[in-house]
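Use these hints to put chain S onto chain H, whose structure you have.
Number of protein chains: 2
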Amino acid sequence: MLRYFRSRHREEWILGRAERDRRQGVTFSDDGWTLVIAGDDSDREGWVGTILALSNGSIGVRGAIEERARASTFLAEAYEQSPIHYHERLHGFAERSDTRVPVAEPLGLRVLVDGVPVDFGAAEAVQTIRALDLRTGLLRRESCWRLADGRHLTIHAERIVPIDGTPVLLRRLRAELDGADVALDSFLGPAPRAIGQSDDPRIGVHLGSGGFQTEQADAGLIVERLPGSGIGVAAAQRSHQDDEWLVVATGFAAGAAASDALRAEAESRAERALRTGFDAALQGQHEAFAAFWDRAGVSIEGESETSAALRVNLFHLFTSAGRDGHSSAAAKGLTGEGYEGHYFWDTEAFMLPVLALIAPDVARAMLVYRFRTLDAARANARELDHASGALYAWRTIAGRECSAHYPSGSAQYHINAAIGFAIGFYAEASGDDDFLFAMGAEMLIETARLWLALGDWHADSFHIHGVTGPDEYTALVDDNWYTNRMAQKHLRLARRVADRMADAVPEQWASLSRKLVLGDGELERFSRAADALHLPYDVARDIDAQDASFLSKPRWDLAAAPKDRFPLLLHYHPMTLYRHQVCKQADLVLGMVLGGEEVSPERKRRVFDYYEPLTTHDSTLSASSFAILASEVGEHEAALRFFRDTTFVDLEDQHGNTDHGVHMASLAGSWLALVWGFGGFRPSGEGFGFRPQVPPGWTGYRFGMCWRGSELRVRVDREGACYEVVAGPALTFAHNGETVHIEAGRSWAMALAQ
Amino acid sequence: MLRYFRSRHREEWILGRAERDRRQGVTFSDDGWTLVIAGDDSDREGWVGTILALSNGSIGVRGAIEERARASTFLAEAYEQSPIHYHERLHGFAERSDTRVPVAEPLGLRVLVDGVPVDFGAAEAVQTIRALDLRTGLLRRESCWRLADGRHLTIHAERIVPIDGTPVLLRRLRAELDGADVALDSFLGPAPRAIGQSDDPRIGVHLGSGGFQTEQADAGLIVERLPGSGIGVAAAQRSHQDDEWLVVATGFAAGAAASDALRAEAESRAERALRTGFDAALQGQHEAFAAFWDRAGVSIEGESETSAALRVNLFHLFTSAGRDGHSSAAAKGLTGEGYEGHYFWDTEAFMLPVLALIAPDVARAMLVYRFRTLDAARANARELDHASGALYAWRTIAGRECSAHYPSGSAQYHINAAIGFAIGFYAEASGDDDFLFAMGAEMLIETARLWLALGDWHADSFHIHGVTGPDEYTALVDDNWYTNRMAQKHLRLARRVADRMADAVPEQWASLSRKLVLGDGELERFSRAADALHLPYDVARDIDAQDASFLSKPRWDLAAAPKDRFPLLLHYHPMTLYRHQVCKQADLVLGMVLGGEEVSPERKRRVFDYYEPLTTHDSTLSASSFAILASEVGEHEAALRFFRDTTFVDLEDQHGNTDHGVHMASLAGSWLALVWGFGGFRPSGEGFGFRPQVPPGWTGYRFGMCWRGSELRVRVDREGACYEVVAGPALTFAHNGETVHIEAGRSWAMALAQ
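As given, the protein sequences belong to chains H and S, one line each in that order.
By UniProt numbering, the letter at position 102 of the first sequence is numbered 102, and the numbering carries on one by one without gaps.
By UniProt numbering, the letter at position 93 of the second sequence is numbered 93, and the numbering carries on one by one without gaps.
Just so you know, not all the hints are guaranteed correct.
Any copy will do: because identical chains look the same in the list, a pair fits if it lies in one copy or spans two.
In silico SDA-like pairs for lysine to any residue, Cα to Cα no more than 25 Å straight-line [unchecked claim]: (1) K563 / G704; (2) K489 / L516; (3) K489 / G685; (4) K553 / H458; (5) K553 / D538; (6) K553 / S527; (7) K515 / G399; (8) K553 / H534.
These are computed hints drawn from the structure, not numbers from a lab.
Here chain H stands alone, though its shape is the one from the complex (with noise of 0.2 Å):
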C-alpha cells in the first residue's frame, strides 16, 4: 500500500551527523506531502510516537500502533493539579502545579484469529510503515506480524482527527491473514500511569495524587477523575463495521461537570463522529486544510525533503494550537508529556507570530485564552508583590504560576512583553479591532503596568532589576537587554492603543478606563519610562551588554568544552551556568531580531560576533533567532546552518527527547528561519515589508501569509522577490525599504538587494 524509499540526498546529509540515526527509515513522499516512518523498534517509538502525533488543539493522539499503544492521548483540558512540595518553602512560591496528563486510553485493539486473541508479545513484528498525510491529518498504517504458529497477520489502520477541533478520534481498522477468520476489537483502557520524576527536569513530576479515580467504567465507557483538580473526563467507544472496515469513534469530554454530564457529551461526540463516517470525515479534513496549506504552502526550490519538513512543522503547529479559547498551544503541543503540558513565552514570542500570518483565526483563539487568565496573571502579580498590574505565570495550563524554581521560572518577568508583544503583532496583522478594544487593550495595559510596579528610576533612567532573560544559563540580573527592549516597546504599545480605542471608541476607552481604574499621568509615565529604559552598552568593548553584570564574568570556552557535558544544563549546577558567560539560548541575539530595528547593521554583527561563540544552543528556542540574525548580518551559512537545525530539530531528533514531544517553538521556528530570516520580513509599526536573500546553495523558495485579509504570495529566486496578491484587498508594504503597493490578483517583481 505505502511506498518505501530513500532519499539518497537527505541520506547522505544524515550520515555526516552519526549520532543522529532515527532518520533511518524515514522519508517523504515524492509529493512531498506524505511523512513515511518504517519500523517500530522500541528504542524509537517514543519518538515516532511524538512525529506522527494527530491534533486539533482540543485532543492529541500520539502515533503508537495499536497493538502497543500506551498513553497515546491527551486532553488540553485535562489536567491533574498538585501540591508543589518544597524541602524549603519560601514565601511567594507557587504552592500548586497543573500537570497534563494522559488520559483514558483508546487505541486498544484485541484480534482474535479462529477467536483466539493473538499475543502480541509472542509474535514478531516484520514491519510496520506508517504514513502521515500532512494535507488532511490522516495517519495510515500497515503493519505485519508473524504469530507464533508461522502465519502472517497484516494490520491495516488509519486515523485522523477532525480539525474542527472536536476531541474525538475516528479510525477504521481491518486485518488480513490468509486461510483464516480474523475480527477485530476495539477498547478503551483506563487512563496510564503519567510519567514519574527523573533526574531531567523536562519531564516527569510527582503528583500528590495517584492520578484518575474511576468514577463509571462499562463497555467502550469510562468516566475518570482526577482528584486535585477535579477534572473529570469521560471516553465513550462506538464502533461499526463497514465493509471490510471496523470503523472506531472514540469521544471524550473533560471538564469539572459530573460524571453523567461528561458521558452524555463523549458519547454523543463518538456517536455523532461515527455517522459522520469515516470517508466524509476525512473529505472534510481535506478542505478544511486546503485552505491553511494554501495560505502556508512553504517550499524551497530543489530541496523536497527540506520544505516537507517546514510542512511537518507547520503541520503540528497548526493542529495542537488551541482554537476554542480555553486553551492554547504548550510547548510540546498535545503530542506529549514534557514540562507538564505547560504554556510558556514561546507560545507568543514564537508560535503566535507564525499562526497570527497563517491561520489568524487560531491565533486570536490563543490570544483569547490569555484574556480569560488575566485574572490570574493579576493575582500572580500580588503573589509577587506588585501592587498593581498584571504578570502572566511562567508556566501554566489554568493561569496560576506552576513553576517550582524562580531562577529561571517566574523570574523570567520577559513573558508579560511576548505577550503584548502578540497582541500588537496579531492586532496589526489581523486589523482585529474588536479583539483590540474588547481584551486586547486591557491586557497590554495591565501586563505594561507591571513594568512600572517593578522597575525604578536611578537618575533619569528606568531600571529593571532581578529578573532572567530568556537565556536560562543567567539569571536574577538586573538590566537585562532583551527584557528592558521589550518592555519598552511593550510600554510604547499599550500607550498608542490606549490613544488610538479613545479616539476611535471614545465610550468603550472610558469604561475600560474606569474598570481598570487608570491614573491622571498614567499613560504619560509609561511613556516616560520607557524613553528612560536603560539598555546596557559596553562602551569599552563596544558591544551591547547581556545585562548589567554579563560581560564581567568568565567567558566559558565552549569550544574546548567536552562534548558530552552537553547539555550544560544537565551536568554543571546552576550556579556554575550564572557565573559564567555562556548562554543557553539567544537572548540579546532574539533582542535584535524583535527590538533591533533602531540598531545599525555594524552593532547588530558584534552582537551576532559576540554571542554566538558563548551559546550552546541547549534550547532548541535558540537556532531559529540565531538564523534570522545570522541572515541579517550576512552570515548566509551560519544562517543556513541554524534553519537546518530548527527545522529538523524533531525529525531528526536533535536534543534527543522528541518522545516527550514536538519542540513546537522550533517548529515555528523553522517558518521564522525562513520568513523572518531569508525573506526578511519584520513588522514595523502599522505595517510590514521584506529584505529577501537567497542563502547560498538554494534557487528559491516560496511561503505565503495573510495580512488584514489579504492573501500574499511570495516568491524569492536569484533574480529577484515576485509578490502576488491573490485575495483581498490591495496591499502596501515596504521591499529592502522600497513601498509597494500591490492590487488583488496583481504581482509584483523585484530585485534582491545586492
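For chain S alone, coordinates are given in the frame of chain H:
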C-alpha cells in the same frame, strides 16, 4: 522550695515591648546564678522547654515536665536522612538531607495514687516552678496539681545531663500527697514523630521515611532505627528508690551498629549513672562547671539580670557544643528541632570565637568535626563543579550538603572563610600547633584552593561571581565585600600557615604537600589572588558596597514598612527582597568587624550609617555584629540596644520561635557584643588587643578569657581597665594600641581612651 520574685527594673523594660510577654513569671535568684520560671501554660511551654534545655554536646533534653513530655530528647548522632524532593530538579542540587529528630522519650511518668494512675489531662495544674542552676546544670521542678477529687499532688523532680559528654539523663523524682500512698513509675516512650512541614522554612521537614522503626522494645529498653540513615538509637532506663526519691537514669547509644551492641552500650550507661548516684553526679557537675565559670565569668555591675542572661547564653553555648569531634554546635544546639538540627557557618563565625577563648577544648573538638568531614567538603566542591579544593556544606549534619534552596544556601561560599577564620583564631588563641599542623593546615589549604577555583581574574583584579553573602535578602551577586575580604584573609592565612609549617615541621609539611598534590607556585597564587581581591567601593557615594550591584537597586524604606510585615522573609517573595537595598542581617558590617583592620574609623562610620537603616535584623545573627561596629564607631546607645537584643533574644523570645530551639549564634553574639564590642577585643595576626569602653548608664563590667594557656581577667569601669593574669605564662597584648606585658599573678590598670 523555690523563691519566686519579679525584678522591677527588668519588668519595666519588658513592658515597653508589649508583644514580648514571655518574661512574665521569669526571673533570677538573688545571686544571679539560678533562672526561675513559673507556670506551665501550654502556649509558652515550647519556649520554656527550650530555655531550660540541658545538654552536653551529645544529648539534649528539653525542659519539659514529665507529666506532659513529648519530643524532649535529641542526640548529636541521631538523624534521619531523606531524599530532598524538588518539583524541578536541576543538576547538582543536594539530593538528601539529614534531619535531627527526637529520639525515644525518656520522661514518661506514671503517678499512682492508691494504686490508681493519675490522669493529668483531668487534673488541674495549680503551679509549676522550674529552676535551672547555671553553676551545675541542675534543673529542679516543683509542680502542684489539683486532682479530680480535690486533693493536691506535688511533684518534685530534678535532672542533670553529665557535662562529660555521655548521652545520659539522670533524674530523681518524688511526689507528695497528704494521707495517700503515692508511687512513681518512670517509663520510656518510643520516639515521637518529628515536626512536620509548615509555611515557615525554618522549622519542620517532610521526612521521606516514616521515622524510627522499632527493633527491640522491652521494659526499660527501646531500640529503634531510622530507615533512611540506617542510624539506630538504643535507650535504656534504670531506676531505684533512694530514700524518698525515685532515681532514674536513661542511657542512650546511637550509630550504625547492630541493635544488640547499641542496647548493651545504652544499658551500661544507664547502669553506670545509677551506680554513681544523683548526689555524686551533681558534685561532679559542680566541679566541671566551676572551671568554666571561673574563666568565662561575665558580669555587668549593677545589671544583675543582664549579667544572668549572659550566663544563660554561655550555659547553652558551652553545653550544646560537641565534645568528641564527631559533632559540632548546631544553629539550635540540641535544644529543639529548628533548621533540622543543622550546622551552618555561624558555628565558626559566632560560636567558635567565643569558645576558643573560654572553652578551647570544645572549640578544638568542633574543628576536629570539620576535619572529619573534609572529604565530604571535597566531594561537595566537585558536586558544584569545582575541580579542586573543598567547599563545606552550607547546612549539614554528616558533612554532605543539605541545602534545598541554593540562592540562600549552597551559594553562601563564605562558610569556607568562616571555617578558615575559626581555624586561624583557635590556633592563635590556643597555640595548638599540633592541631594546626595535623588538621588545620590541610583544611585551610583545601578551602583556600576553592577561592582560586571559584574566582577569576579580570585585568589585574580578582573577582568572585555569583555567590551569596551573609545577608540572605540579597542573593547570587558578584563581589560580595564580606566574602571577598574574608577570602582574602583566608588565602593569606593559608599561605602563612603553610610557610610556618614548612619552617617548623618540614617533614610533616612535605608529607602534607604530597598528599594535597600542591602545585608549583600554588601558594604564590594564593597570595597574588589575595592581593588582587576586589572590594567593591562606590566612589560617587564614598561608601563600601555590599556587592557589585547592591547600591544600584532601589532602597527599601524600612521606616515606612508596616510592622506586621516582619520578618520580611515570611511576607515577601525572595525575588522582591533580592531586588532591593534591604538586608536581613549584618553583611558588610560583619566584614568590618572581622576584616576591618585596614579600614579607617570614618569609613566604618559611613558603613554603619548607611547600612543600619537598611537592615531589618530579621536574622538573630545581626544584632551582635551591629553592636560591635556601633561600639567601634562610638554609637554607644545603638551598641547597647543591639547588645540587649542579642542578649535577650531567647529569654524574651524576640523572634517568636525560641520554641524551635535557642538561637545559639545570637547567644554567643551577646558575649561577642560585650567583649569585642564594649571591650574592643580584636585578634591581630599573632596577638590581640583591647579598646575598652563603658557604655552610657553602665558602671562597669568584667569578663575573662584564656590565651595560649594564660588566664586573663578583665575589669572595665569608668576609671579604666584592669587586666589580671591569674595563671599561666606572661601575656603580651595591646590596650588602645599600646603594648601591655603582664606576668602571672599580676594585674595592670590603664585608663580608657577619651
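Open item on the list: Let me make sure I understand: some of the numbered hints might not hold for this structure. Which ones are they, in numerical order?
Closed with: 1
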